[in-house]
Every structure is written in C-alpha cells, then in structure tokens.
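Colleague: Just so you know, full-length UniProt numbering puts 65 at position 65 of the sequence shown, and the rest follows in order with no gaps.
Since the hints were derived computationally from the structure, they do not count as laboratory data. Computed from a predicted model, the values in this text were never measured in an experiment. Do not rely on the hints blindly, as some may be mistaken.
Ranges between beta-carbon positions, derived for each pair [as the list claims (entries may be wrong)]: (1) ARG58 <-> LEU24: 14 to 24 Å; (2) HIS42 <-> ASP19: 31 to 41 Å; (3) TRP70 <-> HIS42: 37 to 47 Å.
For glycine and all other residues, C-beta sits at the position ideal for the given N, C-alpha and C.
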Amino acid sequence: MVSVDLELSTDTSHTEPTDISDRLLWRDAQRLLGRHDRPDEHEHCTWCGQHWPCPPRRLAERADAASRHWREAWTVRHDLNGLRTLPGWRADLGERGGSIMRNGTRRSHFD
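The task is simple: from the sequences and hints, build the whole structure.
Modeller: In structure tokens form, the structure reads like this:
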C-alpha cells in the first residue's frame, strides 16, 4: 500500500519580498540558488561539480530577476545606461569602425 502525504509544504525559510509577481518561479529560483550557492577551492560548484558559476546557478539568477514585476525585471535585464558606453566601444574598433568590406565596397553592418 502506498501512502500519499497531501499536506502542502509550508516552508518559511525564505520570506518572500513584496515585489514578487510570480511566487512559484521565485521559490524555484531560491531553491536552486540555495543548492548552487558557492564554488569549492577548484572553482567548481559544490552541488553539481560544474565550473562556477554553473548553468543552474545562472538560470536561477535569471529566474529570480524574472519573478519580479516587469519594470524591475526589465531594468535588471536591459540597463539603458549601459548603452552610453557603446559609442566608445565602437571607436575602439579603429579603422574597421563598424563597417566591413564586401565586393570591394565598404558597407555598414546594417546594409
């Protein structure tokens, strides 16, 4: 005979922040972040043994950000202030300057 426990888990080890829009995703992210929490002395995850930060850790960090309201998640993913550094990065390309040669003519990346 198989016994089934129908009680829901009431784990209160994580206090949910007030800015969470997807509680299930946030709980899953916290569970993964708790398991894949630190590297060992060889820079491998202590839970799965992969190179730190391991793919489950990175996925959990993304899930944690995505579980919040879209405005906060959007700014986490798309920091518009970071775009200000792009012109300087493009200038560092030197002579290439963002264009490539095709059939003897210089064209930009968007042509």
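Colleague: Hint by hint, say whether it matches the structure.
Modeller: How the hints compare with the structure:
1. ARG58 <-> LEU24: 14 to 24 Å: Cβ of ARG58 to Cβ of LEU24: about 20 Å, so the range 14 to 24 Å holds.
2. HIS42 <-> ASP19: 31 to 41 Å: holds, 36 Å
3. TRP70 <-> HIS42: 37 to 47 Å: holds, 39 Å
When each numbered hint is compared with the structure, no violation occurs for any of them.
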